[in-house]
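The whole structure should be built from the sequences, with the hints applied where relevant.
Listed below are the residues making up each chain.
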Amino acid sequence: MNSLSLTLFDCVVLVTLLGLAWQLLATPDLFKAMVLFMSFGLVMALAWVRLAAPDVALAEAALGAGLTGPLFLSALHRLRGTRKGERRQQLDSIEHRGKIEKVTQRTSGRIIYLLLRILFAGLLLTLLVHLATILLHVEYENPGLGVFVAEQQEESGVISPVTAVLLNFRGYDTLLEIMVLFVAVVAVWSLATVRFSEKSGQVSPIQQGVVRILAPLMILVAVSLIWQGTHLAGGAFQGGAVLAAAGVLMMVSELPWLRLIPSLPVRLMLVFGPLVFLGLGVSCLADGRFLEYPGELAGFLILLIELACGLSIGLTLACLFVGGRPVDDLVDRGQLEEGS
Amino acid sequence: MTVLFAYKLGGLCLFFMGFTALILRSHPLKKIMAVNVMAAGVFLLFIAMACHGRVGVAIDPVPQAMVLTGIVVSVSVTALALVLACRIQETSGGAGSSEGEHPPQGDS
Amino acid sequence: MPTVSASFWMVLPVVLPLAGGLLCFLWRQRSLWLPLAFALVNLIVVIRLTRLLLIQGPLHYQIGGWETPLGIVLVLDGPALLMLLLTALCGAGVTCYARGYFAYRISAQKQPGRHERQERFFWPLWLMLLAALNGLFLSGDIFNIYVTLELLSISAVALAALSGKPVAQLASFRYLLASLLGSLSYLLGIFFIYRSHGVLDLGLLRAVVEPGSSMTAGLVLMSCGLLLKSAAFPLHFWLPPAHANALAPVSAILSGLVIKGSLYLLFRFWFDTFASLISPAALNVIGMLGILAVFWGGILALLQQRLKLLVAYSTVSQVGYFLIAFPLAYHDATLSVWTAFLFMILAHGCAKVAMFMAAGTMYLHSGHDRMRDLHGIRLVMPLTVFAYGMAGVNLMGLPPSGGFVGKWLLLTGAFDDGQWWWSVAIMAGGLLAAAYVFRVMSPLFQAPVGASIFDGRPTPALLEWPPLVLSLIALLLGLFAPGIMALLTANGGAVISGGLP
Amino acid sequence: MNGSGWLLVLIMLSSFVPGIIIFGLPEDRVRLRTTLNLCGSLIKIGLIVVLNVGIYLGYSYEIRLPLVAGMEVYLHADPLSALFTTLSSVLWLLTTIYAVGYLEDSPNRSHFFGYFSLCVTVTIGIALAGNLITFILFYEMLTLSTYPLIVHRGTPQSLRAGRNYLVYTLGGGALFFLAAAWLQVLTGPMDFGSDGFASHLVVEHGPLLSLLFVLLIAGVGVKAALVPLHGWLPQAMIAPAPVSALLHAVAVVKAGAFGIVRIVLDVYGLENMIVLGLLPLLTFVATLTILWGSFRALQQDDLKRRLAFSTISQISYIGLGISLADHRLALIGGLVHLVHQGIMKITLFFCAGNLAETLGVHRISEMRGIARRMPWTMGAFTVGALGMIGLPPTAGFVSKWFLGLGALSASNWVVVAVLMLSSLLNAAYFLPILITAWFDRPVGPWPDEKNFGRFETRLMLLCPPLLTAAVVLLIGVLAEAQISPLAWVRFIVEGYLP
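Chains as they are written, first to last, in my numbering: chain A, 28 to 367; chain B, 7 to 114; chain C, 14 to 514; chain D, 425 to 922.
There could be a bad hint or two in this list.
[Stated by the list, open to error] Here are the simulated distance ranges between beta carbons:
| hint | chain 1 | residue 1 | chain 2 | residue 2 | range |
| --- | --- | --- | --- | --- | --- |
| 1 | A | Ile138 | C | Arg385 | 51 to 57 Å |
| 2 | C | Trp22 | D | Glu695 | 39 to 45 Å |
| 3 | D | Ile444 | C | Trp46 | 30 to 36 Å |
| 4 | C | Arg383 | D | Ser484 | 42 to 48 Å |
| 5 | C | Gly496 | D | Gly877 | 27 to 33 Å |
| 6 | D | Glu695 | C | Gly496 | 38 to 44 Å |
No lab work stands behind these hints, which were simulated from the structure alone. From the three backbone atoms N, C-alpha and C, an ideal C-beta is built for every residue, glycine too.
Here it is in structure tokens:
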């Protein structure tokens with residue numbers, strides 16, 4: 028692949044990215060926007076591959092497009108009530124146009140509105156140009172922290188540099204990031220009513236059949252992704268995302284045992300990953316500092332953390348998709364009867 | 007060299023496109039999408055910087071780790087925002103249209 | 014130079030509340046002992062850190078044992094410790110108050126299970142927020158600060174939406190979008206800074222920073238993000254509805270502690286890490302924002318009918334005070350203005366938490382917070398009204414409060430630099446604060462007309478004592494000054510970790 | 425030699441601790457509350473006698489609490505502060521006795537007496553303040569502790585009066601705070617008693633220092649009720665009688681006058697004042713207030729409002745004396761009027777309170793022949809009124825006499841004319857009251873008469889005015905005695921004009 032075709036590829040990627048983004052934000056129809064959003068995520072993953080960032084590409088594909096898309100779709104579905112016909116309704120545009128009409132009845136209103144938009148656009152453009160000129164400066168000669176990572180790579184106990192940074196050099200960041208995920212699921216549970224997965228009863232037998240084949244496969248892929256995280260592209264987040272996709276698939280096809288799962292095991296699994304990471308970090312305090320894995324054990328400990336977090340992340344993302352809480356203590360049961 | 011600059015410029019454009027959409031669009035779902043586009047723009051900037059001049063050779067893993075963290079954080083925040091938007095719609099039926107302060111019924 | 018410490022105490026303020034949050038979620042904790050235990054242990058740890066700082070001076074703790082360019086370092090110096098103390102103190106107060114608040118609500122709830130659910134999810138979210146705050150004050154790495162800011166805002170938004178009312182959820186949705194925008198512009202700032210020097214650690218950054226367009230752009234973007242998160246004047250739209258409609262303990266946390274995090278960061282970036290990039294013009298802009306905030310917040314607070322909205326707008330006005338401290342700190346960024354800034358933050362933190370708690374107790378008892386017909390509540394709950402008054406004295410900056418000492422230092426700082434016009438804004442802010450505090454207090458002194466409309470149920474101790482204790486602490490802060498001074502200049506070490514530029 | 429600084433703290437605690445305890449007391453513990461109050465004030469008076477003796481013998485009492493760089497709480501007892509401390513503690517004892525009698529059955533007295541003793545603690549603090557920052561500290565706390573007293577009744581009018589009071593005092597306090605901060609920046613941290621700042625500063629910052637002086641006087645003038653800033657005083661008459669007595673004779677207004685004395689003598693120092701030429705300004709404001717106060721008092725029919733306006737004019741005698749401070753006699757006259765005015769005014773307010781409490785009489789037109797019904801109260805009132813006018817046997821004569829001599833020695837004819845005119849005006853608005861009380865015949869029943877057995881009113885309400893009236897006469901007659909206020913003022917003035 029000589030450089031010409033590569034640059035051509037870059038242009039195509041960039042143009043589609045910007046075009047998709049523009050179209051995605053401009054279109055009044057929400058459903059169309061969401062489809063564009065998912066394709067935007069996939070093209071972005073392509074860009075990451077082009078920029079030699081395989082881990083990020085995997086994460087973007089699995090999380091960015093693979094999970095955020097369905098999240099949006101289920102939100103849209105819930106927002107618009109269940110009737111199919113409404114999905115095409117330009118909810119966004121009606122509301123938006125309504126506002127503009129109110130303002131621009133009088134010609135003066137219209138001029139002011141126009142002026143405001145021009146001013147706003149002008150301001151943003153100058154800011155964009157200014158930042159772009161800063162980018163134009165010849166790259167500062169600093170090679171970033173890559174050099175340091177290369178030097179201390181072998182002490183980190185893993186081969187893949189990204190995993191080394193993520194879980195060893197800057198493991199504290201990842202710990203806090205997993206806590207962010209945990210807080211997200213707690214927040215979603217605090218808001219939602221008791222509804223782990225409604226029983227809509229419209230699941231066709233074909234889907235159930237396919238799920239029975241596909242789900243174990245996806246779980247296998249997820250575990251392998253987590254496993255290879257230490258030396259190739261992959262890791263807890265990417266593996267967790269695939270696991271979540273498997274979980275979502277199972278929930279959407281309403282497997283009976285899944286709907287009535289009590290809340291304690293789910294909560295245990297959610298807390299398992301963060302607790303293991305935190306516990307291992309604290310246990311390192313015995314003869315060193317927080318999160319300072321003892322020499323040769325580093326590789327093994329990192330793998331342990333990856334597995335535990337991968338599982339928890341998978342369940343967390345699945346719970347985020349479902350949006351409801353599992354049925355558990357009496358109070359919830361009481362609420363369930365009232366159907367609130 | 008200019009290819010990386012093109013990617014960075016693309017990232018900046020995404021950032022500002024998302025920013026304008028966030029300000030102008032009124033529907034909550036559109037706003038959340040705009041935020042995601044902005045985040046994608048910033049991540050593009052980070053990864054383009056990670057190559058340090060030679061396209062296709064990633065010598066600096068730290069920005070990649072940062073972007074990974076960023077992606078996970080933005081997914082969790084998007085999920086929370088979507089559930090919030092749905093709850094607002096269900097309880098008051100007035101998603102995004104800010105009809106000002108509700109009279110405070112009951113407690114707060 | 015600060016000593017590289019191996020003591021694990023430095024990490025506990027973050028690790029303990031994290032573990033607490035996880036366990037509270039796991040055990041569906043409703044009794045007070047688990048969260049209170051974690052809050053008190055956090056207080057003990059911070060006190061232990063105070064002694065550590067006094068003995069060894071500023072400390073660095075390398076997480077994972079990696080040196081700074083690559084690893085993350087926790088930094089403990091005077092200002093950071095004072096913020097930890099504030100968070101620990103107010104945290105313990107809020108934990109007790111929240112327990113009393115939910116117990117009271119559960120005993121009087123109409124819809125079964127509603128307040129149990131709220132309380133069940135309050136504890137994990139609150140302890141996570143506490144961990145995020147402690148992490149933010151200790152962190153010495155700009156990307157790590159981004160992650161703690163993110164954890165802080167997601168838990169704050171979740172807490173704000175906990176009350177379940179549509180108006181609260183709409184407000185917290187806007188709050189979420191605002192803080193997301195802030196975080197993204199902060200991340201963009203990190204890009205520009207990392208790009209120019211490939212360094213993320215604050216200490217190294219301070220050594221290597223020199224005026225350059227990329228660094229300045231990075232600092233400006235990061236500052237805009239932080240200004241949005243701390244509701245500086247033009248970007249304050251999301252604060253009043255979010256803080257006023259949240260549950261009482263939540264609005265106390267949001268106004269008293271969460272706002273302080275990003276303000277503290279702003280001050281640390283501008284006067285410690287990137288001090289050489291700062292131009293007087295930029296400082297005057299921030300000062301102008303401060304003046305506008307003081308007047309805008311004060312006047313709007315006067316116009317409010319609802320008590321909690323008044324207190325929320327007073328937060329907007331008080332944020333203006335902190336911004337006014339910026340232009341005064343330029344010439345002699347020595348001790349005096351750091352002290353003024355920290356005094357104001359400590360005093361305002363305790364006072365605002367106490368004020369919101371007192372307002373919450375009044376709300377609980379009367380079922381509404383319309384100020385006009387709250388008179389006569391003084392006889393039912395004298396301690397709470399007294400606590401509100403003390404917190405008000407603090408906001409006004411009247412002696413003997415910590416706010417008075419802070420205001421005095423700001424004034425003398427202003428006159429020292431010859432920039433006397435800031436003092437006019439500071440005094441006007443004080444008078445505005447007096448106006449909206451007495452607007453609430455004077456009806457309380459009115460003799461109740463006819464039978465007292467408040468049900469005779471005595472207010473539980475857990476609802477009355479935390480606000481009282483915290484407002485008295487805010488009051489006596491002025492007298493603790495020598496102690497705080499000793500902390501700031503711990504054993505000769507300069508005020509800030511690496512020493513001032 | 426220096427005595428222990430802790431004496432000062434003890435003096436302040438002797439009224440602060442009872443105050444805090446009383447706050448916590450339930451309503452019905454009347455006897456415990458009264459005993460706490462009384463022994464608190466007795467202990468305080470005992471300590472102050474020890475203090476005065478110590479100061480007379482040359483001991484110095486001071487205590488410092490450093491707060492922040494350039495800011496420390498510094499209590500220091502010099503002769504001037506001893507004068508004000510003695511005055512306020514003695515009058516606090518009498519007012520407490522009177523208040524116990526006056527508020528016999530009114531609601532939430534624990535709060536009242538709590539704030540009451542807090543207020544006196546703060547007044548003592550103002551008296552003992554050793555530098556400007558401590559003065560501000562207690563000066564603004566005075567506002568906070570007197571506000572609840574004014575709005576004690578909880579009626580809408582008292583709330584409006586309280587709001588008005590706050591607007592004036594907090595505004596003045598803000599100005600004072602601003603000017604003090606600026607002054608400290610110019611002159612550096614400075615204690616009282618060092619005869620003002622270095623003279624070279626006057627050369628460098630002349631106009632700025634004059635501006636700061638105007639701001640400081642405006643800040644203090646609010647509480648000293650100088651003319652443009654006196655609006656709050658007549659409205660504060662809504663408060664119960666012991667409060668208006670305390671406010672006018674002891675705490676707020678006197679603190680303002682004391683502030684003026686401190687600023688002129690200790691912050692700026694006499695030489696700097698003369699060089700800056702600020703004394704004529706003070707004279708002008710004082711004379712304007714004296715005449716305006718007397719003139720407005722003439723028009724009032726309500727007894728307490730007339731007394732309020734008379735206070736406004738009488739307080740400015742002190743200002744007048746200070747404005748002629750370069751002449752020894754005028755300074756003595758001004759300072760001694762600080763004490764005399766306090767005692768005379770508190771007598772008048774006690775009597776006004778008695779009339780209102782026992783007969784429900786508030787207006788002067790209702791006082792026809794009231795002396796027949798309450799001879800003792802009206803007797804004390806007469807002594808007080810004659811003192812205000814300045815007739816010989818009373819204390820008022822002493823201070824006006826010295827003021828007159830001072831004005832003559834300064835050959836300032838305007839001041840002499842003002843002194844004579846104001847004495848005439850005093851007579852014009854006090855004598856009619858005495859005439860209607862003693863010589864007219866009472867017409868119809870008293871608005872709301874209550875009788876209290878053998879004496880004309882409760883004993884607790886009758887004794888304080890009689891006591892203070894006797895003191896007024898005593899001071900007048902024994903002016904030259906060794907322990908009279910005049911002797912003490914001479915001892916003070918030696919410190920300033922050797």
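Each hint, compared with the structure:
{"no.": "1", "hint": "Ile138(A) <-> Arg385(C): 51 to 57 Å", "in the structure": "violated, 44 Å"}
{"no.": "2", "hint": "Trp22(C) <-> Glu695(D): 39 to 45 Å", "in the structure": "violated, 59 Å"}
{"no.": "3", "hint": "Ile444(D) <-> Trp46(C): 30 to 36 Å", "in the structure": "holds, 33 Å"}
{"no.": "4", "hint": "Arg383(C) <-> Ser484(D): 42 to 48 Å", "in the structure": "violated, 56 Å"}
{"no.": "5", "hint": "Gly496(C) <-> Gly877(D): 27 to 33 Å", "in the structure": "violated, 59 Å"}
{"no.": "6", "hint": "Glu695(D) <-> Gly496(C): 38 to 44 Å", "in the structure": "holds, 41 Å"}
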